[in-house]
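Novice: The listed protein sequences derive, respectively, from chains A and B. Residue numbers for the first sequence follow my numbering, so the first one is 1 and each next one is one higher. Residue numbers for the second sequence follow my numbering, so the first one is 1 and each next one is one higher.
What the hints contain is simulated information worked out from the structure, not anything from laboratory work. The beta carbon of each residue, even a glycine, is placed where N, CA and C say it ideally should be.
Covered stretches of chain A (in silico footprint by chain B; criterion: 3 or more residues with CB under 8 Å from a CB of chain B, positions within the stretch not fixed):
#	region
1	108 to 117
2	190 to 198
3	201 to 207
4	317 to 329
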Amino acid sequence: MLFIPAMIVITLIAFIINVEAPGDPAERLVNASIGNSETYKVNRQQIINQKRKESGLDLPVFYFSINTLSSSNTESPAWYKYVPDIHFYGTHNQYHRWLSAIVLHGDFGTSYDTRMPVINEIITHLPWTLILSLLSTLLAFGISIPIGMYAAQKRGKMFDRISATGLFILFSLPNFFVASMLLVFFANPRFFGWFPESGVQDAVLFDQTWPFWVKLVHWAPYLVLPLITYTYSSIAFLSRQMRAGAIEIFDQDYITTARAKGLGETTILWKHVFRNSLAPIITTFAHVFPIAVTGSIIIESLFSIPGMGREIYQAVLNYDYPVIVAIFTIIGFLTLTGYLVSDILYAMADPRISYSKK
Amino acid sequence: MKIHTMLKYAVIVAGLCVITGLAGCKNRSGNDKNNIVVTSWPSQPATLNAVCGIPSSARVLVFEYTQKTLTRTDLRTLQQIPILVKSLAEVSPDQKSFTYTLRDDVKWDDGSPLTVDDVIFTMKATKCPITDDALIRSTYDNVKDIVKDPSNPLRFTMIAKDLYFNNKLIFNELYLVEKKHWDSSGVMDKISIPDMDDPKFDANKYAGLADWMKKFNDGANGHDVKKLCGLGAYAVSDWAANTAITLTRKNNWWGENDTCAYNKAYPSKIIIKIIPNDQSRYLAVLNHNLDAEMWLFTDSYLKLKENKDFNDHYYSGTTDQITCNLLFINTRPDGKTHPMLFTDKIVRRALAYLTPVDDMNKTIVKGMATRQASFLQPLFKKFYNDTLKLIPFDVDKAKDLLAKAGWVDSDGDNIRDKKINGKKVQLSFKLTYSATPTNKEYVLMMKDAMYKAGVDLEPDPVDQGALQTKAAAHDFDMMLTAISSGAVPDDPGQLFDTKNWMNNGSNFSGFGNAVSDSLIAKSNRETDEDKRAVMLKKLQAMVYDEQPIIFLYGIKRKIVISKKYETPGMYVERPGVMLNNLKLK
Numbered sequence: 001m002l003f004i005p006a007m008i009v010i011t012l013i014a015f016i017i018n019v020e021a022p023g024d025p026a027e028r029l030v031n032a033s034i035g036n037s038e039t040y041k042v043n044r045q046q047i048i049n050q051k052r053k054e055s056g057l058d059l060p061v062f063y064f065s066i067n068t069l070s071s072s073n074t075e076s077p078a079w080y081k082y083v084p085d086i087h088f089y090g091t092h093n094q095y096h097r098w099l100s101a102i103v104l105h106g107d108f109g110t111s112y113d114t115r116m117p118v119i120n121e122i123i124t125h126l127p128w129t130l131i132l133s134l135l136s137t138l139l140a141f142g143i144s145i146p147i148g149m150y151a152a153q154k155r156g157k158m159f160d161r162i163s164a165t166g167l168f169i170l171f172s173l174p175n176f177f178v179a180s181m182l183l184v185f186f187a188n189p190r191f192f193g194w195f196p197e198s199g200v201q202d203a204v205l206f207d208q209t210w211p212f213w214v215k216l217v218h219w220a221p222y223l224v225l226p227l228i229t230y231t232y233s234s235i236a237f238l239s240r241q242m243r244a245g246a247i248e249i250f251d252q253d254y255i256t257t258a259r260a261k262g263l264g265e266t267t268i269l270w271k272h273v274f275r276n277s278l279a280p281i282i283t284t285f286a287h288v289f290p291i292a293v294t295g296s297i298i299i300e301s302l303f304s305i306p307g308m309g310r311e312i313y314q315a316v317l318n319y320d321y322p323v324i325v326a327i328f329t330i331i332g333f334l335t336l337t338g339y340l341v342s343d344i345l346y347a348m349a350d351p352r353i354s355y356s357k358k
Numbered sequence: 001m002k003i004h005t006m007l008k009y010a011v012i013v014a015g016l017c018v019i020t021g022l023a024g025c026k027n028r029s030g031n032d033k034n035n036i037v038v039t040s041w042p043s044q045p046a047t048l049n050a051v052c053g054i055p056s057s058a059r060v061l062v063f064e065y066t067q068k069t070l071t072r073t074d075l076r077t078l079q080q081i082p083i084l085v086k087s088l089a090e091v092s093p094d095q096k097s098f099t100y101t102l103r104d105d106v107k108w109d110d111g112s113p114l115t116v117d118d119v120i121f122t123m124k125a126t127k128c129p130i131t132d133d134a135l136i137r138s139t140y141d142n143v144k145d146i147v148k149d150p151s152n153p154l155r156f157t158m159i160a161k162d163l164y165f166n167n168k169l170i171f172n173e174l175y176l177v178e179k180k181h182w183d184s185s186g187v188m189d190k191i192s193i194p195d196m197d198d199p200k201f202d203a204n205k206y207a208g209l210a211d212w213m214k215k216f217n218d219g220a221n222g223h224d225v226k227k228l229c230g231l232g233a234y235a236v237s238d239w240a241a242n243t244a245i246t247l248t249r250k251n252n253w254w255g256e257n258d259t260c261a262y263n264k265a266y267p268s269k270i271i272i273k274i275i276p277n278d279q280s281r282y283l284a285v286l287n288h289n290l291d292a293e294m295w296l297f298t299d300s301y302l303k304l305k306e307n308k309d310f311n312d313h314y315y316s317g318t319t320d321q322i323t324c325n326l327l328f329i330n331t332r333p334d335g336k337t338h339p340m341l342f343t344d345k346i347v348r349r350a351l352a353y354l355t356p357v358d359d360m361n362k363t364i365v366k367g368m369a370t371r372q373a374s375f376l377q378p379l380f381k382k383f384y385n386d387t388l389k390l391i392p393f394d395v396d397k398a399k400d401l402l403a404k405a406g407w408v409d410s411d412g413d414n415i416r417d418k419k420i421n422g423k424k425v426q427l428s429f430k431l432t433y434s435a436t437p438t439n440k441e442y443v444l445m446m447k448d449a450m451y452k453a454g455v456d457l458e459p460d461p462v463d464q465g466a467l468q469t470k471a472a473a474h475d476f477d478m479m480l481t482a483i484s485s486g487a488v489p490d491d492p493g494q495l496f497d498t499k500n501w502m503n504n505g506s507n508f509s510g511f512g513n514a515v516s517d518s519l520i521a522k523s524n525r526e527t528d529e530d531k532r533a534v535m536l537k538k539l540q541a542m543v544y545d546e547q548p549i550i551f552l553y554g555i556k557r558k559i560v561i562s563k564k565y566e567t568p569g570m571y572v573e574r575p576g577v578m579l580n581n582l583k584l585k
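Starting from the given sequences, assemble the full structure and let the hints guide the process.
Specialist: In structure tokens form, the structure reads like this:
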């Protein structure tokens, strides 16, 4: 229910960032046109105004403005400053124009840096981040759930103790360190030069006309080290979450009852324990969506992956506000979507949870 | 399914992933049969439009092989040479008219010959106030007009507004664009070059100009490979964003039988991989995945030099670069946000004595840098004032100077202080720098050194954008940064003209007075190199005396090139290697 109001709040925040970002966007675009040239300083303001009009920056900022009467009357009585003066502008305002462009056309404006539509920049860089994030999520869940369940079943035994120690060590290692070590050992001919050291494809060999499966086999070695870096800490975290959830369920009376009824351990584990211990895992699943789009600046930079992490980093360095604001808005949207999906999954995993009015 | 069975499956899946990865690795192989040169660059260009957008070193690298200029600087000699013209300019006695004759064998990709109209169109497109090319347009402010020779369609004269040392070099970096391709309807024909200089230029006065320019400025013209055409031997055949730019040699290119080194095109492809970090570049060289590399950090380069396999497979060497790391001192602080610490040149000189430049060179860049005492590099032999002595690290001398300037430790806290306008001020300042690990090392070494003389240096790391903003706003005490220039000494006014301090230009330190401004103006108008050299040496002496900047050194470029090529040249000027000249043995 709160999805739409929350999304409106996010767009408002993004828009405020856009409007309040240092520097006048029109001036920045015009600077790109006029620069420091002495010749054009006379008509500089005229060109700025023209650019402002083209970009809709001459319009009122929002649907309405609240001021005091004194702001519009310079020689007004003192009490004017206590009287609100509200103006309504209808849909002829910057926010409406900005939001309509996004909603109707997916238009987030133009990048200050590349002069390309922001949406194109995002579409160009998104696939690699998406591939890595989704593969990493699948791997992380695929590996951590069995480990967590097994550790819970063997609570206090050798496997539980060893896996706990190993996973805590993994979780405590920073990803830039792991990435560097992986490169040093597995992309270095002095040790095991098994994997490429950077990028996602061999620029010499890669051919756009290859069938998809050939491309996939070509890309695979480039993805192994980044994927390990993306995944290892999630495995550590998720398997501990899974273990904790499962142990809690193992202690429930209905599990004892199930055992007393003579149900097999496998049935108990998957039918009763697994499903009921999913709640913490589902919570973390909500964060997959925004991460899938933003990627990781550190991992993408270290492995030279042309993804969103590097794009965001470049945008921040270049003060490329249209790109920053677009990514902020998309992250907001996806975070909310993640929560929405989590809520649905909660209800699917646990029939006791219901969002309908009773 | 039992847990341990699931675990088995998980291990099998992970194993399959690794096996697939390893299988894919077999794809990797050398490119020895075809001469495909692979190099790297740390970032991709913002655009590859020859006129519009933000220029960058990556763009210059690509244009080196895909675009042509009328004249250029020869990397080997640092002298100007003709490229698309038959000879260098015939200069009029008043030094304001420069006449060129185009070569008659130059053809665009569509087979059309290069014409004077193309040159005029390129200049109009560059000078037009509504073209999105601000960062390069001001270079052409001094071009008054280009006039065709009625008796020879290949001959034209560029007329300059004023005397300027750079006039004869004006076409060195103007990448030509084809009029027929961009302006087939002749929109630009209605406007003359002098019209572009009208301070009241109004695009709406010229029918169709605003709409045409909107299309011309479109970002896609700098990204869509089909639109990236030029006169060079190579065309951009693929641009995988943030991954690689592939340049493919053109068939039937107009210059393929030319003997000029810049028109050689031995490699069938030049691939520029975008590798943002040094470790990957280092590993790429170790794995023989790069044929030429010019961006290695010192440590990586030295580590490679110790590797036998590397030495067996790569040539390596260093060249000076036309860059300088330096410290700008704010000589005109506002006295509020930044105290009046460095208004006295004696104090600034003391700071120079307290900067351990040689130690920094030895420790941080392992001696792979060349010191300089002025804003010009010693490699500019004609222009560099070699009478200026490098300032040594000398704590005692610095202490004496600081005491002479009235800075003493009156309260015994190891930091010198002084009463300024009746208020006690400590000699404590912020050193603002772009937050990189190397810069941090510089700053910490300086902090230690300064403290020895009772000067408190507080590191102030910021991102590069903030550094530029602070520099322009004079919002710093001292700032660590770097400058670079071209093969001919730049206009010194950028760094030292008082006008460029007042208008928040790049005279960050606030150096200058009427005498220095006049000297800069004279040197800029001087077209005789020998006379200009005398003036620049005088200016260097003035700057040296005032010490608004502490000049550190220019870090050498480290170059490695595969030994599968015939012995290559390594050059001072960017990119340091002529990739088009790499010929397989």
